[in-house]
Amino acid sequence: MPEPIIHTYELTKYYGDVKAVDHLNLTVYEGEIFGFLGPNGAGKTTTLLMLMGLTVPTSGTATVGGYDIVKESREVRRIAGMLPEGAGYYEDLTARQNLDYIGQLNDIPKPEREKRIDDLLGAVGLTKWADVKVEKFSRGMKQRLGIAEVLIKNPRIAFFDEPTIGLDPQGTKEIRDLMIRLNREQGLTIFLSSHLLYEVQQTCHRVGIIRGGKLIAADTIENLSKKIAEKGKMVIEFKLTEISPGLIREIEAISDVTSVKQTNDRLYVYVESDKSREVSETITKHGAVILLMKPKEHTLEEIFLKYYERED
Amino acid sequence: MAGAMTVCRKELADHLGSKRYIVLFALILVLSTLSAYQGAEYIKNNPQAGFIAIFSGAQFGFSFTSLMVFFGPIIGLSLGFDAINKERTSGSLSMLLSQPIYRDSVINGKFLAGTSALSLLAVTTVGIMCGVAMPILGFGPAVEDVLRIVLFTLLTILYLAFWLALGLLFSVIAKKTSTSILMSVATWLFFSLVIAIIAALVASVLIPITIPKEASGGNIGRILRSPEFRELLQKRFAIQMSIQRVSPAYLYNEASSAILGISRGGLGFIGPGGGKPFRSLELTQGLTASWPQITAIAAGLVVCFAVSYMLFLRLEIRPGG
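Same order as they appear, the protein sequences are chains A and B.
Basically the numbering used here = 1-based index in the first sequence + 126.
Basically the numbering used here = 1-based index in the second sequence + 3.
Think of the hints as simulated: they come from the structure by calculation, not from any bench.
Quantities reported herein were computed from a predicted structural model and do not represent experimental measurements.
Beta carbons are placed, not taken as given, at the ideal position from N, Cα and C, and that holds for glycine.
Certain hints may be false.
[Said to hold, decoys possible] Listed next, the in silico DSS-like pairs over lysine-lysine satisfying Cα-Cα at most 30 Å (straight line): (1) K254/A / K22/B; (2) K179/B / K145/A; (3) K179/B / K262/A; (4) K254/A / K179/B; (5) K259/A / K238/B; (6) K262/A / K89/B; (7) K365/A / K353/A; (8) K178/B / K145/A.
[Claimed, not checked] Going by beta-carbon spacing under 7 Å, a handful of chain B positions derived as facing chain A: (9) K13; (10) S97; (11) L100; (12) P103; (13) I104; (14) A177; (15) T180; (16) T182; (17) I184; (18) T213; (19) S250.
[Stated by the list, open to error] Away from chain A, derived, C-beta distances all over 10 Å, residues of chain B: (20) L96; (21) A189; (22) Q237; (23) W294.
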């Protein structure tokens, strides 16, 4: 069982009368990529700011790497790095100078700092641009520089807040691949806040869904999908050589099959329990050939919307 | 403290390399060198004036002190007005605050860097002025003069640091740099121009001086010389002065005259040549005389810095800046 690295207990933040984060209880384990999912304004960024000690919770507590986020926020920032949404850099300094400044603020001695900067510039693909002023950088390059700034302190956990927002597909892919690589190769725990479902599905081991400042679900995507499936029905998708009304009627006659729908060349069979064997036998008996058969999985979008609907 | 020193080093490098600082530095240096020439000329013509008069004796209204009175606010404010809010809007502040430093390191480091840049400006300018004046005059400052120059330089640094602290305060209060630059310009205009006008206006309303209608060529002179009229004028001047003392620039002007041992013939500041300077005060007398002004400037600095420090520490970093 991996160790928890983040624990929040009833973490709450009000901005005036507006409740940004509402009694949030959350656990993130060491070594995972945790996706923090929710629409804009759900309280994702506020949670990150509190965890990094940039803003003070109204009530509740949390620990990051065992350190209290209020009393030991400086220790938290020693072991945790954050790439905030809309992060900025010193435009009239070069990438190397920007990194050097952050390195100095982390008390990294000079020889080690220089080595680490070179390594990191290589890792994020900015070696060629090391001595160019940041004002000349594209968005994607700046974002990669930001990741290097997060990594220079050798953090145990990295918070990325909407890291691919406003990037082109190429830049988005680079950032995603980089996150996955860092997690795999260096065991870096990543806390990824995003509202992009596809991104979370591609990268994260576990997701937490936040809404109105409250955590409404936290599990692996697979488990979340299962939980939804248990409540509703399973769908099996078929692609057949031929579909006749007689066949549809016969499938509908099988027990536990609730309905059959045809869309173009596909047949969707809704069942209460796993009846794939009976259904395929029926099809074969009818003389049709099965070209494709798979249980239809819930996309993250469906899961997400289901969890949202349930709250309404 | 280590964090503050890192911030300070970076900010100082930024200042020294910034066009803003270089342009202001060059402007002050050129004008001061010219005023040192003029001061030296003045000393040649007025043998009773000492070496120290190079800072105050220039004609055409730009002695070093009046330069500082006028440009000092803009120099100090320009190094401070965007210190915090620029980083806030660009998003580098949240990056900076995500590092393992205490939050006050940021504001302390920035203030320290600004003060260092201003000290460099003041010391270099004063040094170059002395260097320019010595060969022309053929003699250097006496021991007491050196002491006066050192104290005067320290006073100038304190004065510039006050404006820096005020600029820093604006940069914490205003979210946008466009707002804080307007606040800075307004402050500068108010203290270097508007307040003198207000003071004169208030004084003339409180102490009305009417010249009788029947006054004609002959008796106008008599009226002007009468002791009642002089008393009125003095009252008016006293009111004007006490209003102008709200301005740190005016306080600086008074304090520097006292430290340099020069008293002025009852003219407001930015008067051409500052009236008729003559040495009147011993160094210790001068220090005593200028102590209230120095304390007031220092208190202003402490208040500005303390308020910006507290506001910055409480500054809520919100989503979206």
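Now the hints, each set against the structure:
no.	hint	in the structure
1	K254/A / K22/B	28 Å, holds
2	K179/B / K145/A	26 Å, holds
3	K179/B / K262/A	23 Å, holds
4	K254/A / K179/B	34 Å, violated
5	K259/A / K238/B	61 Å, violated
6	K262/A / K89/B	19 Å, holds
7	K365/A / K353/A	27 Å, holds
8	K178/B / K145/A	23 Å, holds
9	K13	5 Å, holds
10	S97	4 Å, holds
11	L100	5 Å, holds
12	P103	4 Å, holds
13	I104	6 Å, holds
14	A177	18 Å, violated
15	T180	13 Å, violated
16	T182	19 Å, violated
17	I184	18 Å, violated
18	T213	58 Å, violated
19	S250	35 Å, violated
20	L96	8 Å, violated
21	A189	28 Å, holds
22	Q237	55 Å, holds
23	W294	41 Å, holds
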